[in-house]
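Residue numbers (this note's numbering), protein chains in the order written: chain D, 11 to 262; chain R, 11 to 262.
Derived by calculation from the structure, the hints in this document are not laboratory data.
Treat the hints with care, as some may be off.
Derived lysine to any residue pairs resembling SDA-like cross-links, with alpha carbons at most 25 Å apart [said to hold, decoys possible]: (1) LYS214/R / VAL131/D; (2) LYS45/D / ARG152/D; (3) LYS214/D / SER132/R; (4) LYS214/R / SER15/R; (5) LYS45/R / GLY252/R; (6) LYS45/D / SER146/D; (7) LYS214/R / ARG90/D; (8) LYS214/D / ASP128/R; (9) LYS196/D / GLU31/R; (10) LYS59/D / VAL131/D; (11) LYS214/R / ASP128/D; (12) LYS214/R / LEU24/R; (13) LYS214/D / LYS56/R; (14) LYS196/R / ARG152/D; (15) LYS45/R / GLU31/R; (16) LYS196/R / GLY60/R; (17) LYS59/D / LEU113/D; (18) LYS45/D / GLU224/D; (19) LYS196/D / ARG90/R; (20) LYS45/R / ARG174/R; (21) LYS214/D / ARG152/D; (22) LYS56/R / ARG152/R; (23) LYS196/R / ASP207/D; (24) LYS29/D / ARG133/D; (25) LYS29/D / LYS214/D; (26) LYS196/D / ALA91/R; (27) LYS59/D / ARG133/D; (28) LYS29/R / SER171/R; (29) LYS196/R / ARG94/D; (30) LYS214/D / ALA91/D; (31) LYS56/R / LYS214/R; (32) LYS45/D / ASP207/D.
Number of protein chains: 2
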Amino acid sequence: MNEMSPLRPSETELWSPEKFEAEIRAVGVERYHDKHAFHKLLHGGKLNKGQVQAWALNRYCYQEAVPRKDAALISRTHDRALRREWVRRIHDHDGFGDEPGGLERWLILTDGLGLDRDYVVSRQGALPATRHIVESYVYFVREQPLVVAVASSLTELFAPSIHRERIAGMLENYDFIGDDVMAYFKRRLTQAPRDADFALGYVKENAATRAEQEACVGAVRFKCDVLWAQLDALHHAYVVPGLIPPGAFVPT
Amino acid sequence: MNEMSPLRPSETELWSPEKFEAEIRAVGVERYHDKHAFHKLLHGGKLNKGQVQAWALNRYCYQEAVPRKDAALISRTHDRALRREWVRRIHDHDGFGDEPGGLERWLILTDGLGLDRDYVVSRQGALPATRHIVESYVYFVREQPLVVAVASSLTELFAPSIHRERIAGMLENYDFIGDDVMAYFKRRLTQAPRDADFALGYVKENAATRAEQEACVGAVRFKCDVLWAQLDALHHAYVVPGLIPPGAFVPT
Chain D
11 MNEMSPLRPS ETELWSPEKF EAEIRAVGVE RYHDKHAFHK LLHGGKLNKG QVQAWALNRY
71 CYQEAVPRKD AALISRTHDR ALRREWVRRI HDHDGFGDEP GGLERWLILT DGLGLDRDYV
131 VSRQGALPAT RHIVESYVYF VREQPLVVAV ASSLTELFAP SIHRERIAGM LENYDFIGDD
191 VMAYFKRRLT QAPRDADFAL GYVKENAATR AEQEACVGAV RFKCDVLWAQ LDALHHAYVV
251 PGLIPPGAFV PT
Chain R
11 MNEMSPLRPS ETELWSPEKF EAEIRAVGVE RYHDKHAFHK LLHGGKLNKG QVQAWALNRY
71 CYQEAVPRKD AALISRTHDR ALRREWVRRI HDHDGFGDEP GGLERWLILT DGLGLDRDYV
131 VSRQGALPAT RHIVESYVYF VREQPLVVAV ASSLTELFAP SIHRERIAGM LENYDFIGDD
191 VMAYFKRRLT QAPRDADFAL GYVKENAATR AEQEACVGAV RFKCDVLWAQ LDALHHAYVV
251 PGLIPPGAFV PT
């Protein structure tokens with residue numbers, strides 16, 4: 011007999027703002043990519059230069075997708091105040107006027123690692139998985155309900171601690187990494203909390219049903235998976251078993 | 011017998027930049043909306059206040075779609091230089107920092123016409139046709155090849171003369187239109203040529219085949235149709251035969 015059990019009130023009632031935020035933060039505790047084996051290797055100084063190069067050029071693809079997903083979000087909302095707030099994220103990555111932006115700072119990192127800039131920008135050496143995974147993030151933001159799309163940015167809540175760890179760990183552990191090339195992460199220490207505060211306030215205010223709240227938590231989970239899966243692909247190609255797909259970057 | 015005649019070289023050869031530009035400009039001569047009956051009435055002082063209100067609140071929907079289609083374009087390109095250039099268009103409409111932007115200036119126009127601002131922004135009183143037509147422009151830019159999407163902006167080549175005409179005609183002919191409310195059009199006199207020059211250079215450089223060049227000309231035609239069809243809908247609803255669809259703005 012195919013019987014559906016009715017949902018209990020605890021499964022349908024709107025979460026309080028505090029409970030909602032706690033559910034979002036719990037996702038980070040469970041699956042933010044600071045827990046990934048590859049990150050532990052990266053921060054702990056256990057990778058060789060070729061592996062750090064592979065990480066940096068693949069991560070460029072993700073960085074480059076971010077202003078595009080932010081533009082996708084702007085393209086969908088009739089809320090001018092939201093658009094005016096969100097457009098600053100595009101500037102943070104692409105730069106605007108005299109401000110070079112995060113992508114330019116990322117290229118200073120890849121320059122510092124001895125990678126050819128045109129090669130990095132071309133994304134030709136990136137793992138196929140990287141390209142598909144980051145593009146799925148752009149599609150998610152373009153197609154999911156607006157509040158869910160906003161929620162997918164909330165991994166920024168978890169970013170400052172990983173950036174602080176990364177700056178310290180990479181400076182300490184790699185003689186090929188200097189202070190100047192870590193400029194990207196230093197800037198994100200102030201940008202990410204500002205953005206995360208706004209987005210967290212937005213989803214708390216605009217997720218109007220329990221189903222929407224759960225979809226927002228799901229969006230944070232989705233986004234953690236976007237980050238995690240990129241490291242899986244790097245780990246598989248460049249650490250264990252070290253099987254680099256055809257066409258992808260081969261360290262020399 | 012189903013016989014296909016082979017294409018002659020004149021039908022497949024790349025146009026020279028001059029010929030390509032001439033083809034684009036010819037579209038404006040043929041079908042830019044300055045030739046529409048409704049515009050002649052608008053500029054000639056032949057509309058009553060209710061009809062001008064209807065125009066202004068419908069046109070708000072178009073204005074509001076423009077930064078969204080610009081964001082859609084940014085979301086699709088890996089070319090950071092193009093994104094940095096194009097993001098200024100979002101600012102021109104949405105404003106940025108202290109600059110209020112074109113939508114704010116448009117609302118000064120609708121304020122001046124005695125329309126409630128929340129009602130205008132809600133788009134509730136707009137004609138259904140207006141909403142569908144402007145959204146099809148956003149979809150076009152999101153989905154067509156990038157160079158074709160850029161080309162659809164090229165109606166700006168034809169805009170300054172219509173804006174000059176509109177400023178003079180509306181100030182002269184309507185006692186309910188003052189200098190201050192025409193700020194939107196005055197600003198566009200300088201913004202539109204800057205943008206059009208960039209976009210024209212871009213399509214000339216990036217349309218690499220005759221087929222792409224023709225698709226760009228088609229995009230200008232598409233965009234002229236977007237503008238024309240909005241005036242058809244206004245003319246039908248508010249002039250002849252004056253059949254206002256259910257739910258749309260009814261002048262008092």
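Subject >> Those earlier numbered hints the structure runs against, lowest number first >> reply: 2, 4, 7, 9, 13, 14, 22, 23, 24, 31
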